[in-house]
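These protein sequences, in sequence, are chains A and B.
In our numbering, each number is its position in the first sequence, counted from 1, plus 11.
In our numbering, each number is its position in the second sequence, counted from 1, plus 210.
Rather than coming from a laboratory, the hints here were simulated on the basis of the structure.
Just so we're clear, the structure is a prediction, and the values are computed from it rather than from any experiment.
Do not take every clue at face value.
Unchecked claim - With a cut-off of at most 25 Å between alpha-carbon atoms, the simulated BS3-like pairs for lysine-lysine come out as follows:
hint : chain 1 : residue 1 : chain 2 : residue 2
1    : B       : 352       : A       : 63
2    : B       : 626       : A       : 63
3    : A       : 63        : B       : 556
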Amino acid sequence: MNTTENTYRDRFTELEMSLPGFASLPLRHLRQEGMQRFIDNGFPTQRLENWKYTSVKTISQRAYQVHDHGCPGLDPSDLLPYLIAPVGVYRLVFVNGWFSRTLSDLHDFPEGVRVQSMAKVVDATPRTVEPYLENHQPGADQGFTHLNEALWSDGAFVLLSPGIRLDKPLHLLFLTTSSEKLKMTLPRNLIVAGAGSHAWMVESFVTLGHAAHCTNSHSTIILHDQAHVHHLLFLGENHSAQHVGTVETRLMGSSRLDSRLFSFGGERTRQEIHVHLAGEQAQCSLDGLFVGNENQHMDFHTSIHHMHANTRSQQLYKGILDGHAHGVFNGIITVLPHVLHTQSNQLSSNLLLSDTAEIDTKPQLEINSAAVQCSHGATVGSLDPEALFYLQSRGLDASTARSLLIQGFAAELLQRITSIPVQAWIERQFNKGDNHHES
Amino acid sequence: MEAPNAVNSAMSQSYKHGFVTSIPSDTIPAGLDEGVIRLLSAKKREPEFMLEWRMAAYRHWQGMKEPHWSSVRYPSIDYQNISYYSSPFANDQAPIALKDVDPKLLATYERLGIPLSERLSLAGVAVDAVFDSVSVATTHKKRLAQLGIVFCSMSEAVREHSALVRRYLGSVVPPGDNFFAALNAAVFSDGTFCYIPPGVHCPMELSTYFRINAAETGQFERTLIIADQNSFVSYLEGCTAPQRDRHQLHAAVVELIAMEGAEISYSTVQNWYPGDAEGRGGIYNFVTKRGECRGDRSRISWTQVETGSAITWKYPSVVLRGEGAFGRFHSVALTNHHQQADTGTKMIHIGKNTHSTILSKGISAGHGNNAYRGLVKVLAGASGARNHSQCDSLLLGQECSAHTYPYIEVKNQSSKVEHEATTSRISEEQLFYCQQRGLSREQAVSLIVNGFCQEVLRELPMEFSVEARKLLEVNLEGSVG
């Protein structure tokens, strides 16, 4: 085993007793198991099929500091650029992986909603979370998940009682203050939506400063019967950041998950979303929009497992790549044997705006049951010269025409967001990055 | 959901090519080492360069590991337990003229529906018949020679046209390309060689008929087709094997080279013995097929109908090097009982304005496992490249599966790549409609499957198209659920 992995193990041994949840035996075991698996498998390499297009040398070969407690005195006004809206949104803020009470806004939660720091919960009432923290995706390519299992610092714990409707969106803001010291933050979230509950949630990752850092996050979302959760993941870290994340979801009977992913930031991004449709009539929709420029590398892996009859899924991922950006989409839909009457469709559309950008897309179907209807598609192309010409003949200059067409390509995904403040915010974020679409 | 009883009883699939020809044969004992390769090369009276080429490939192969990344599952193959050469001609002497060929062999081919006598044979088709390791006869050679076309067995080409062979052999699939290609390069026994001179439009279909007869042998044939500038050739390949309860390995290599303005159309109707209903026996069909559009405006198209083999594992590919080159892959793969197929294609766009289309139809029945795996790669220099892929899967049973793994890698913004795929089963409504019009359930399924494959089948030359339809029907017997 190479030395970097061992550095993490040494750090783990050193820190173990101070990590949240040490008092609970099962949680302590989970961390130790995670570390053992991480040591066994190591960081993933490009020899693994699932990491074919993405090298993680910028993570595995650099010495990152985990659990750096040096939290600078941030003022609530420092957060303004990263907020969805100043008011009308519940907010949990994590700075460098740790919960910050002063920056969070946790007032007036309706009764039946429990939102807390994960570190607090595992120390105070470990029983609540123990059953949910087990890893569902073991495997040689899950090195980062194992590292997170072993070393996670904090995160959000959200529990919605049955029938609760959260009136305002909940924003989980993960902010890293970058500095000379290379930091690795390891957030871990757990969201449990009780039967019939309904909520809008946003997880956003941003950086204050321009230096390099690394985020390795893991979220678990459990939906009980008839729950409906909107989960939006926003990746907007600086252009030197390394981001690795996994979202693990499990949907029970006729629940519904709407997952939206927007990735504009980071130097190297790898996000996985795994959905298990484990209840009759469970359904999910996964949408994603990624915009890459310069040397950005973005890699998205999704998997949808139809484990129960009458489940439905749909998926639309769009990529816009300029400069030397490299985009990867890998989506797999599996239908287990004897699972009947499932419906799924998947589409990956990509726009290449420069001759040096690259896209690798791989939509996959693994169907082991006959009574299904599945389809998938993928397209790669550039802006239509005729459309550009048409707009210019109507008096727009070349760059406005270009920008308009790109907007049109993305609009479908931007407009699908049902929460008004969230939609306005995402559109602002998208347009902010729009200035790089000049050629 | 249970299959009707009438259907269950019809579950026995008939493989009409499963007979064995009892004929004395010259077979090298099982096992593989340098000595075997020397012996094989000596038996074929090959020039020195060929032996060196084989040796280099063998040494390379020894350092390679058998790949296991596909979705097919099979017990490990003992490469020392296979005989690498079996010939129906006792004294190493291949017959010169058709009249010298053992009548038993001729009868075998007649029984397979491929009469080798030129008087009887299909007027427009020239056949090279390969029996186990060697080529038995090649028909219509004279007529082709008048046009300057070389159409002969590989062994003959190595001796008679060694300059051409030396220049082109291994230039598309290098000996070390992959595990099975390296093995093939070391031990290939025979195959077909074909050269079409510049400007010649080959007047008839060229065809090879492969037959595995001997037990415990592997068939390793090598096909090389070169279409020189502005020429055209259409080539057909058919295969059968006797019914045995042991698995047999077939690891062939096919190389196609199309020069400027040339076109090669390569069709396969693969009907190796698929094993019985419980998955015993059958051929492992691990083949490397690749074509290279070397010249500008050259065209290569692969059409395949895969109904046989216990396991089919192959990806006929096209390297689109010349400007404006065109590649096409049309495929129907049927898996029934315990058959497995992991097949698809690779389209590598290197030249400007290169186009390719992929159309793949997979049908799974019984416990069949059918996977499409394809790669479309557009390199940075391939401006204006265009690809359209469509992969449809049809599921006919409760235990079967269909997987689709398309890889799309694009590095050029002016290119356009589209991929679409669907997986579904025959709906009760469709069946009901047909039955209500007076068709039996089996006829209805056959009709729907035929319609599903129509686009591919009509690409085949007429005789093959008819055969392919029949094959689909026979192989689907009893799979209605």
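Hint check:
1. B:352 with A:63: With a Cα-Cα distance of about 52 Å, the restraint between residue 352 (chain B) and residue 63 (chain A) is violated, given a limit of 25 Å.
2. B:626 with A:63: holds (23 Å)
3. A:63 with B:556: holds (17 Å)
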